Structure formats: C-alpha cells, structure tokens
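Residue numbers (this note's numbering), protein chains in the order written: chain V, 43 to 475; chain S, 16 to 294.
Hints in this document: simulated from the structure, not taken from any laboratory. For clarity, every value in this text was computed on a predicted model and none was experimentally measured. No residue lacks a Cβ here, since even glycine has one placed at the ideal position from N, Cα and C. Heads up, a few of these hints could be off.
So the derived list for chain S, only partly shown, Cβ under 10 Å to chain V, looks like this [said to hold, decoys possible]:
1. V26
2. Q49
3. N134
Partial chain S-side listing against chain V, Cβ under 10 Å, derived [to be verified]:
4. E17
5. E23
6. P29
7. R53
8. Y57
9. L283
10. Y287
Here are the in silico distance ranges between beta carbons for each label pair [as the list claims (entries may be wrong)]:
11. V:S97 <-> S:G92: 50 to 60 Å
12. S:P206 <-> V:G86: 23 to 33 Å
13. V:D251 <-> S:Y202: 45 to 55 Å
Single-letter residue listing:
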Amino acid sequence: MTGGSEREKGWPILSVRNVSKKFARDLRLSMTYGLIDIVKEVSGLRGPARGLRRSEFWAVKDVSFELCPGETIAVIGRNGSGKSTLLKLIAGVLKPDQGCITHGGRLSVLVSLGAGFNPLLTGRENVVTNLALLGLSRREIRERVDEVIRFAEIGEAIDAPLQAYSSGMAARLGFACAVHTSPDILLIDEILSVGDARFRSKCYRKLHDLRRAGVATVLVTHNTNAVLTMADRAIYLDRGRMIADGDPATVLARYEEDLIACREEESRADSPRTSSGMSGGVLTIEGIELLDRWARPVDAAVCGEPATLAVRYRALRRANGVGLGVIVRELTEDSDVVLNLHSERDGRLFEIETGCGRIEVRFPALGLRPRVYSARVYLSAPGLYVYDLVDSYRFRVVARETMSQNLYFQPREWHASPLSDVEWPDGSVGGRV
Amino acid sequence: METVLTPESSVRQPDRLLRSMARDVAASSVLFRQLLLRNLRYGYRQSLLGVTWAFIPPVAIAGAFVLMGRSKVLSVGTTSIPYPAYVTISVILWQTFAEAVNAPIGAVAESRSLLARLNFPCEAVLFAKVAEVGLNLVVKLALVGAVIWWYSLPVGWTVALVPPAATSLILFGTFVGMILAPVGLLYRDIPRAIPILLLFWMFVTPVVVPVPEHGLFASLVRLNPLSVLVVTVRELATAQRVSSIGTFLVVVAVSLVGNTLGLITMRLAMPYVAERASG
Chain V
43 MTGGSEREKG WPILSVRNVS KKFARDLRLS MTYGLIDIVK EVSGLRGPAR
93 GLRRSEFWAV KDVSFELCPG ETIAVIGRNG SGKSTLLKLI AGVLKPDQGC
143 ITHGGRLSVL VSLGAGFNPL LTGRENVVTN LALLGLSRRE IRERVDEVIR
193 FAEIGEAIDA PLQAYSSGMA ARLGFACAVH TSPDILLIDE ILSVGDARFR
243 SKCYRKLHDL RRAGVATVLV THNTNAVLTM ADRAIYLDRG RMIADGDPAT
293 VLARYEEDLI ACREEESRAD SPRTSSGMSG GVLTIEGIEL LDRWARPVDA
343 AVCGEPATLA VRYRALRRAN GVGLGVIVRE LTEDSDVVLN LHSERDGRLF
393 EIETGCGRIE VRFPALGLRP RVYSARVYLS APGLYVYDLV DSYRFRVVAR
443 ETMSQNLYFQ PREWHASPLS DVEWPDGSVG GRV
Chain S
16 METVLTPESS VRQPDRLLRS MARDVAASSV LFRQLLLRNL RYGYRQSLLG
66 VTWAFIPPVA IAGAFVLMGR SKVLSVGTTS IPYPAYVTIS VILWQTFAEA
116 VNAPIGAVAE SRSLLARLNF PCEAVLFAKV AEVGLNLVVK LALVGAVIWW
166 YSLPVGWTVA LVPPAATSLI LFGTFVGMIL APVGLLYRDI PRAIPILLLF
216 WMFVTPVVVP VPEHGLFASL VRLNPLSVLV VTVRELATAQ RVSSIGTFLV
266 VVAVSLVGNT LGLITMRLAM PYVAERASG
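Just chain V, same shape as in the assembly (with noise of 0.2 Å):
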C-alpha cells in the first residue's frame, strides 16, 4: 500500500514551473560562485538568478511540467542534456536558480542502486541503513526489511558482507529498497537494467504495481521500449532546455530525428562505412545497399514491406563456406540488439570466386519498427575467421501505418466467419458459449 492512498487523480501532485540550473565550466570559478552562493544564501540576499557569470552555462533551461498521481513522465535526450540534473532539482538536492517547483507527498529517488552501502557491512545491515537513508522510519523499517529481502532474493547471503556480493546481487538490493519506501512520486534515473531478464521483469512489474497504486513517476531513460511501455508523457531536453512534450511516441520520434542528424554529422567524420580490411584484403566489403520490393536503393525501407540489404564485395581469390553476419542495434544511447542474424545459422554459407560480388539477406516483410538503426555487418568463415566487417551501417526504417503502440511488426491476417462454421479445438462445431 503507498502512501498516497487517499489522492485524487487529476490534481498535479508535482509541479515544475519554468525551472532553470545553471554550472560553471571552470572548476575554480565554480568553487568561487559556490562560495559567493553560501554567502548570498546565509545573508538572504539570493534571489532567482539573472543571467550567467563567466564559465557558466544552463544545464536546465526554463523547463515546466505537472505530473498527476499515477501517471508517467519520461525524460529524454541525449548525455549531458539536463536529465539527471532536472531529477536532482526536483529531488531536492540541488537548488534552482529560476522558478519553483512545488509538490506533495513522500518522494523517492531511485538512482544509483545501492548508494551508500558500505562493503563490510552484511547485506541486512546494509538494507536497514539504506532504508533509513530513503526516510522510513524505525516501525516501517522493521516492517519490510524481509519484504525488501525476500523482493532481492538474496537467500542466505544476506548475513554476509557485502563485499561478498555480485554486483548484480548489490544492485537488486539496492532497487528492492527503493521501491519498499511507499512513495508518492518516483524518481527513476537509469537503473531499469538490474540483474538478469527475470528479476527485470519482476522491477517492472513492480513498477507497474505502484503506478496503478497512484505513485506518480518520473523517468530518466534512454532505452526507447521502457518509454513507449511505461510512460504516458515524455519530455525531450536538449542542451537544458525543453525540446517537446506530449505522447511518447511523437516526443521519442523527434528525439531519434535530431540523433540521427547529429548522428550523421558525428559519422561524416568517422566514415563508418569504411570497411576495416582485416583479412589483408582477400575478401572486402565494398558497399552496403538497401533495396526495396522492386530491388531499387532506398534510404529507408519501409516497416512490413519486402525488403533487401545487399553487400558488394571483391575476393582476391576463392573462399569457400563464407558466411554474412547482421547485427542490427536501435541507434539511440544504450540500445540493445534487436536483430543478431548469421546465415551459417540459417545454414547457408556460399562459395565467393575470384572478383566482384553480392550477397543478399532479404527480408520477405521487414519486421523492424520505424527507427534508425545501426548495423554491423560482417564477412566470416566457420570458427568465427572475419575476412572484413563495416561497423555502423546506419539505415532508416519508416511505416505506413501507425506503429507507435508496436515493437515490431507482426505480419497478419483478419478473418471473420460465422460462429456455426467454427471448429473448436475438441472438434466440435459453433453454438458454444
């Protein structure tokens, strides 16, 4: 049970109004300021900031939203554009320099899993310090310190020092406090990748658990499934200042729009289409191309529709059992693989003569969701022997439908037929109900 039991939706439980953190570049100015600060601060005589001293530069730029219980906001945007910071305004640890930020209720911050626990102690003294840390008080403590444990699944570990642990065990520790504290709002800055895919699963459930409780939740991430699953809003923060705001999916869209951009300025420099010649050039790769239906080179290929990726190469001499390697990643921060192909797998290697060549992967309805991806793509013999690879291919992929709600495309038909013609699976026909 949380203790916000007795909100009402629909009246903000957090608000932050035209909030602006400004740094300095330059550590000695910055202890400088920080001290003229403490003095203005002690005095009375600080006030909202004017503008920016030398070296200084805004980390979060008049930025403004409301968050009701329950609901979801994510915070987007590249390293370094205020996220983190606008999570520590609004926790509370740092002090704006404009605007205000109001709310109500217990406030929990899950950031850095495990901060303060200390190496020597055991796992349980270590989980009642913590707790401790996060605000409970002496009974709550008492109450769910084996809730918190039984959650970590920690066992008989749990009376030894923590310096015995894995580090995924410290880390499920850490999230199982967190989310034992009974907030009202949640502060989340990208910890959702604790332990392994089963003990995730159980953190988001646990998410979602205290989401329909009516914690309200903000969340710091670059990993786009847990923004389009989680959130109901998302904010997008570039360079401190507040990009765009709305439904997940068209905020995450214009997020990876500017990425790309910037991405494909960044791979101007780093040509990453070069391909690195690591078998002293006896099989290279010379081009990558991505084809449509009709086999003509497109920049994006089109979600559900036929596709190709096609890869030109030139053998010094014969290969024989040449196998194409496709590992597909979103190209946003942290993504993970989305696609991780080998046609040895698919149990096809070919024979390259002495030349110019091509050899295709194609795809007969393209599965991928609109995103920019980036594939490295690679030539192999058995025994994982790389003749060449290209790093970062980069490609687009658009819809033609919606497909924000989707992770991937599910080719499909629809049917309907009467409820008389349905045979059911113990091989009766239609009538039932």
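Given chain V, put chain S in place with the hints provided.
Below, chain S without anything else, positioned relative to chain V:
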C-alpha cells in the same frame, strides 16, 4: 505536506526554515542511529585491536612527551599533578577537541557522493559523527580513571562533573569545525590546513606544558578559549579548585549558540556543496 523549492534564500522565511530543520532532525533519529552503528561497525570490523585504538594515540603522544620531559629535551616546568598523569589526561581532552573540529567536514566529506544523489537530512550525518567522538571520549575517560588510580590522585565529588564538562570540548570543537566547514567543503586547502592549525593550537593550550606565568606566550594561552576548557576539566578530574568557572560557562554558552548557527549554515550550504560533489 507540500514542499516548495525556489531559488530564494531560505533565511528569508526563518520560521519555515527552523520548522523544517526541527522536523528533519526529529525524523532523522533512526538514520542517525543507523549511521552511528554503521560507522562503529565499519570502524572496528577490519581491525585486530578494535576499541584499543581509542587509547593508543593519547598513550603514545603522552609517552613521547614524558620521555622528552625526562631527558630534558623539553622544559616542562611545574605541574599540579605528576607530569605523566598531567600530560595523559590533557592529551585525551585535546584529542577529543581535535576529533570534534574535524567532525563536520569529515562527516560531510565521507557522505559527499551520497549527498550529491539523495536528499536526506545532513544533520544526521553530522550528529552520527559527533556521537562517535562522544563515544570515543567515554572510552578515553576510562583511561583517565586508570591514570587517576595509578597515580593515586585525589578524587572528589567533582569527578562526576567530568563527563558533562568534557562534552564542552566537543561543543567547542564542532563550533570551530562548523565555522570552517562551508569553505572547507569547497576548498581542500581547509582540510589540509586543519592539522597545522591544530598543532599550533595545541602549543598555546596547556596540554603538554602548564600555563606559563608571564610573557607573550602566557597571554596567548590565556586568550585561548580552549585553555579554560582543558584546565577546568582537568581540575574537576583531579579534585583541584576550579579556577575560572565563569569563563568556562561563557565559552560553553558561546559554543552552544555557535553550534546552532553552524548547523543552520551547513544546512543552507549543503545544496551548493552537493552541486560541486561528484555524483
């Protein structure tokens, strides 16, 4: 309960500041206890000698000065009680003061990365550290008792006043520590300068030599508020006439006010320290 965070200085609304501070201090009693337990367990967990470490530094320092006194390297002068007893008791009191001076900066510095990530009452961290100094003092007072017994020093009812009177050293120490803390948490020069400051301070306090009668050094020792604290506690412990109770009480009162103002200052300074801490 609604929380409002704005850029305006919190001292502009003193009632709200004091209320939130009182609320935090009350609510952080569990955290204080846990942090103290953590520090104590952590302090002695990977140690063979454990709590004995509370005795070793004063005994070692006192031993060194006794040797210097005996070999005439140091001109000790006349002390009211046997010199080894004098110097051991004084060094224990001095060390308590020195630990208290280091407590505010040490407490926040140890929790720096935590304070940069979580918003929790920094007072709990500070209180836990000061309580650690207090517990160390309790252990060291047992050594004072042993010294009194060993040298068969006279003991009067005033010995019961030694623990509360010795607490004045902690109060004065944390007062000095909190004056230095806001700057010391930003600039590392202060933590580096503290040992030098303390070394100088020790020599203008009647710790290893008695109060001189005349001269500039005598004036410095008399102007030093710490002198009256050390002398009074020593007098209470060894059943001597308390020479300056009035000044002692004034220093204690100033320390109490100073600690309250220091706590408020540290609370106000904490977001600016957190901003510059890693995390």
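Now for the hints, and whether the structure bears them out:
Proximity of V26 (chain S) to chain V holds as hinted, the smallest CB-CB distance being about 4 Å (cut-off 10 Å). Taken as an interface hint, Q49 (chain S) checks out: its beta carbon lies about 4 Å from the nearest beta carbon of chain V, inside 10 Å. Below 10 Å, beta-carbon pairs count as interface contacts, and N134 (chain S) has one with chain V at about 4 Å; its hint therefore holds. The interface hint given for E17 (chain S) holds, since its Cβ lies 5 Å from the closest Cβ of chain V, which is under the 10 Å cut-off.
Given the 10 Å rule on beta carbons, the hint for E23 (chain S) holds: about 6 Å separates it from the nearest Cβ of chain V. Because the smallest distance between the Cβ of P29 (chain S) and any Cβ of chain V comes to about 9 Å, under 10 Å, the interface hint for this residue holds. About 5 Å separates the beta-carbon of R53 (chain S) from the nearest beta-carbon of chain V, less than 10 Å, and the hint is met. Interface restraint check: Y57 (chain S) against chain V, minimum CB-CB distance 5 Å, threshold 10 Å, status holds.
The restraint placing L283 (chain S) at the interface with chain V holds, with a minimum CB-CB distance near 5 Å, inside the 10 Å limit. A cut of 10 Å between beta carbons decides the hint on Y287 (chain S): the least distance to chain V is about 5 Å, and the hint holds. Against the hinted window of 50 to 60 Å, the Cβ-Cβ separation of S97 (chain V) and G92 (chain S) comes to about 56 Å, which satisfies the hint. Taken as a hint, the range 23 to 33 Å holds for the pair P206 (chain S) and G86 (chain V), whose Cβ atoms sit roughly 28 Å apart.
Here the CB-CB span from D251 (chain V) to Y202 (chain S) is close to 47 Å, well matched to the stated 45 to 55 Å.
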